[in-house]
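J.: Generate the whole structure from the sequences, applying the supplied hints.
As they're listed, the protein sequences go chains A and B. Numbered by UniProt numbering, the letters in the first sequence go through residues 1 to 182 in order. Numbered by UniProt numbering, the letters in the second sequence go through residues 1 to 385 in order.
Since the hints were derived computationally from the structure, they do not count as laboratory data. Possibly wrong hints are sitting among the right ones.
[Said to hold, decoys possible] Here are the computed distance ranges between Cβ atoms for each label pair:
1) E40(A) <-> P299(B): 41 to 51 Å
2) K139(A) <-> R199(B): 56 to 66 Å
3) R264(B) <-> A44(A): 26 to 36 Å
4) S167(B) <-> A140(A): 25 to 35 Å
5) E155(B) <-> C13(A): 54 to 64 Å
6) E51(B) <-> E40(A): 37 to 47 Å
7) K196(B) <-> G157(A): 52 to 62 Å
8) L27(B) <-> E115(A): 28 to 38 Å
9) Y52(B) <-> A44(A): 32 to 42 Å
10) E220(B) <-> Q58(A): 52 to 62 Å
[To be verified] A short, non-exhaustive set of chain A residues, derived as facing chain B with CB atoms under 7 Å:
11) T22
12) G23
13) L48
14) D51
15) M53
16) P97
17) W101
18) L123
19) L124
20) K142
21) L147
22) C156
Note that CB positions come from ideal geometry on N, CA and C, so glycine has one too.
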Amino acid sequence: MIPAFVAKMGPVCSAPMDHAKTGMTLSVTVEAAKVVQAMEVLDAEGYLLEDVMASDLQDGFEITYHLSLLDGANRLVVRAMIPHDAPSLPTISGIYPGADWHERECFDFYGIRFEGHPNLHYLLLPEDFEGHPLIKADKARKSLADLMPLGYLVDCGLAEPEAEKPKPAAVKAVKTAKTEDA
Amino acid sequence: MQAFDTAQLPRDPSSVRFEPGPTEDKLILSMGPQHPSTHGVLRILLELDGEYIVRAEPVLGYIHRMHEWMAEQKTYFQFMPNMGRVDYLHAMAWNWAYAGAVERLAGIEVPERGEHIRVAVTELNRISSHLLWWGAYLLDLGAFTPIMYAFDDREILLDILQAVTGSRLTYSYFTFGGVYNDVPEDFAPRCLAFTKHLRSRLPMYRDLVTDNVILRGRCEGIGEMDVDLARRYGATGPVIRGSGAPVDTRRAEPYSVYGKFDFRIPAYSQGDAMARYMVRMDELETSCDIIDQAVSNLPDGPCSAKAPKTLKPPKGEACYAVEGARGKILVHVRSDGGPKPYRVKLRAPGFSNLSVFCELARGTLLADAVSILGSLDLVIPEIDR
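T.: This is how it looks when you write it as structure tokens:
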């Protein structure tokens with residue numbers, strides 16, 4: 001079930017998620033330039049901004065905004081991918097002032113530039129620190145296809161339903177976890 | 001008389017952006033990082049006009065330890081002890097948020113007894129956190145006696161938790177699939193005796209402190225915030241409940257066995273420091289109610305499911321939200337199928353709660369800012385992570 005307001009956010013793709021398994025109910029991917037538009041829609045719907053998280057993937061930096069309504073299990077995540085060589089996207093601190101510090105934290109750890117941010121400098125790291133500690137080495141980076149379950153990739157048009165077989169190691173881990181439970 | 005030349009002063013990189021304005025009677029005051037009412041190493045840059053605050057900006061990072069980087073270097077199990085050190089006052093909730101996220105990722109089910117023990121110890125820990133906040137907040141406001149009473153009660157609690165976990169503050173008691181050890185046999189009677197004792201103390205606290213006219217004068221109408229402001233800043237926990245919204249993760253997305261228990265979510269609509277104070281005092285009773293229900297019919301069976309020694313969750317991601325003493329704790333774990341997490345994101349409630357402070361402090365007296373700061377219940381290691 002994808003609510004009607006998601007269409008107004010200008011999504012690239014949206015994937016329903018299982019709250020019992022992931023703690024999220026819906027993932028909406030938008031273009032980096034459209035995050036402000038997406039947040040305006042969510043603000044009007046009464047969402048609370050929980051967090052802004054960045055991850056370093058092979059495909060680029062993925063920014064994940066966690067939002068939820070004040071009541072109920074309805075965590076919605078908005079994602080945007082930005083390239084490594086031009087890591088910038090518009091700030092949403094104009095809509096959610098609480099995003100100000102979260103964005104500064106992303107700048108600390110990944111060097112992501114939030115265009116239009118009023119105060120973009122180190123928040124948690126010392127002022128004279130050089131570099132951004134959570135950026136991964138090229139070899140250590142994984143692609144979205146290596147990190148997301150098949151269902152999500154299919155919903156986002158990144159994989160064919162039967163294109164990818166789970167790796168043997170991963171299957172084994174699931175099995176041990178399940179059998180030893182019982 | 002020779003004018004004082006500010007350019008001669010040593011330059012501090014943080015306060016460079018905090019230049020005095022054109023008017024000469026503005027004063028830039030650096031409150032902290034060693035100020036007693038910031039409860040740790042928090043520094044707040046204040047621009048003052050007389051005794052009134054024109055602008056406030058917290059400077060963070062004095063106790064930043066880069067937990068998120070450590071998470072990527074360690075295996076899932078090895079990162080667990082870090083969780084007790086993020087928020088040392090409500091370590092159980094952080095234990096739970098991380099264990100819960102990994103359990104969701106790996107598909108591990110927790111046995112019924114384990115869930116009940118988790119609920120009981122987390123609520124005990126919440127009471128000890130609120131009692132410490134209560135004592136310390138009143139200390140900030142100039143009342144010395146209450147902290148003695150608070151620590152007296154807290155001592156009983158810490159003894160119970162020490163018997164269960166082996167530690168008194170930075171617990172690392174949770175494991176994937178349940179809890180490390182089963183509780184001692186006298187755990188349930190000790191918990192019930194404690195909740196009875198605390199309930200008998202609460203009327204005294206009310207008469208001694210809550211109804212005190214000086215406390216009311218320091219808290220009522222100070223730092224007012226409405227629900228919309230709290231929502232836009234992401235403030236959660238007692239802070240948003242003090243603004244009239246009965247928002248609680250235990251009720252909104254009932255994790256574990258909270259759905260089975262009957263408890264009241266206290267909320268006050270005034271939105272001032274007094275409302276946040278009242279919410280926390282009422283939550284002491286709420287936690288007592290939950291503990292009574294959790295331990296009085298503790299199910300039999302194992303306290304933990306067997307999780308594989310080297311845990312390799314399948315690729316994917318999972319969030320787990322827990323109601324901590326300060327608000328919504330959210331841990332987001334991404335796995336690439338390997339033995340170490342690919343990315344762990346810790347959402348600290350105090351971080352968002354503190355970011356409202358700039359807004360609340362504007363235009364207030366400096367002495368009231370101390371009251372506002374205390375009413376947000378800050379734990380700096382959690383904010384700085």
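J.: Taking the hints in turn, state whether each one holds.
T.: Tested hints:
1. For E40(A) paired with P299(B), a C-beta distance near 48 Å keeps the hint of 41 to 51 Å intact.
2. Separation of K139(A) from R199(B) is about 59 Å and conforms to the stated range, judged on CB atoms against 56 to 66 Å.
3. Taking 26 to 36 Å as the suggested C-beta distance range, the pair R264(B) and A44(A) conforms, at roughly 31 Å.
4. Checking the proposed 25 to 35 Å range against S167(B) and A140(A) shows it holds: the Cβ atoms sit about 34 Å from each other.
5. The hint said 54 to 64 Å for the Cβ distance between E155(B) and C13(A), and at roughly 55 Å that hint holds.
6. Distance hint for E51(B) and E40(A): a CB-CB separation of about 39 Å, consistent with the stated range 37 to 47 Å.
7. Distance hint check for K196(B) and G157(A): the Cβ-Cβ separation is about 60 Å, which falls inside the suggested range of 52 to 62 Å.
8. For L27(B) paired with E115(A), a C-beta distance near 34 Å keeps the hint of 28 to 38 Å intact.
9. A beta carbon spacing of about 35 Å between Y52(B) and A44(A) agrees with the range 32 to 42 Å that was offered as a hint.
10. Taking the beta carbon of each, E220(B) and Q58(A) are about 55 Å apart, inside 52 to 62 Å as hinted.
11. A least Cβ separation of about 5 Å between T22(A) and chain B falls short of the 7 Å threshold, and the interface hint therefore holds.
12. Because the closest C-beta pair between G23(A) and chain B is about 3 Å apart, less than 7 Å, the hint holds.
13. Look at L48(A): its Cβ gets to within about 5 Å of chain B, closer than 7 Å, so that hint holds up.
14. The interface hint given for D51(A) is met, as the beta carbon of that residue sits about 4 Å from the closest beta carbon of chain B, less than 7 Å.
15. Look at M53(A): its Cβ gets to within about 4 Å of chain B, closer than 7 Å, so that hint holds up.
16. For the restraint placing P97(A) at the interface with chain B, the shortest Cβ-Cβ distance is roughly 6 Å, inside the 7 Å limit, so the hint holds.
17. This hint holds: W101(A) has a C-beta 5 Å from the nearest C-beta of chain B, less than the 7 Å allowed.
18. With its C-beta approaching chain B no nearer than about 6 Å, L123(A) sits inside the 7 Å limit, and its interface hint holds.
19. Given hint, L124(A) at the interface with chain B, holds; its Cβ is 4 Å from that chain's nearest Cβ, closer than 7 Å.
20. Taking 7 Å as the C-beta contact cut-off toward chain B, the hint placing K142(A) at the interface holds, the least distance being around 5 Å.
21. The beta carbon of L147(A) is positioned within 7 Å of a beta carbon in chain B (closest approach about 5 Å), and the interface hint is therefore held.
22. The beta carbon of C156(A) comes no nearer than 14 Å to any beta carbon in chain B, farther than 7 Å, and the hint placing it at the interface is violated.
Hint 22 alone, counting from the list given before, is not met by this structure.
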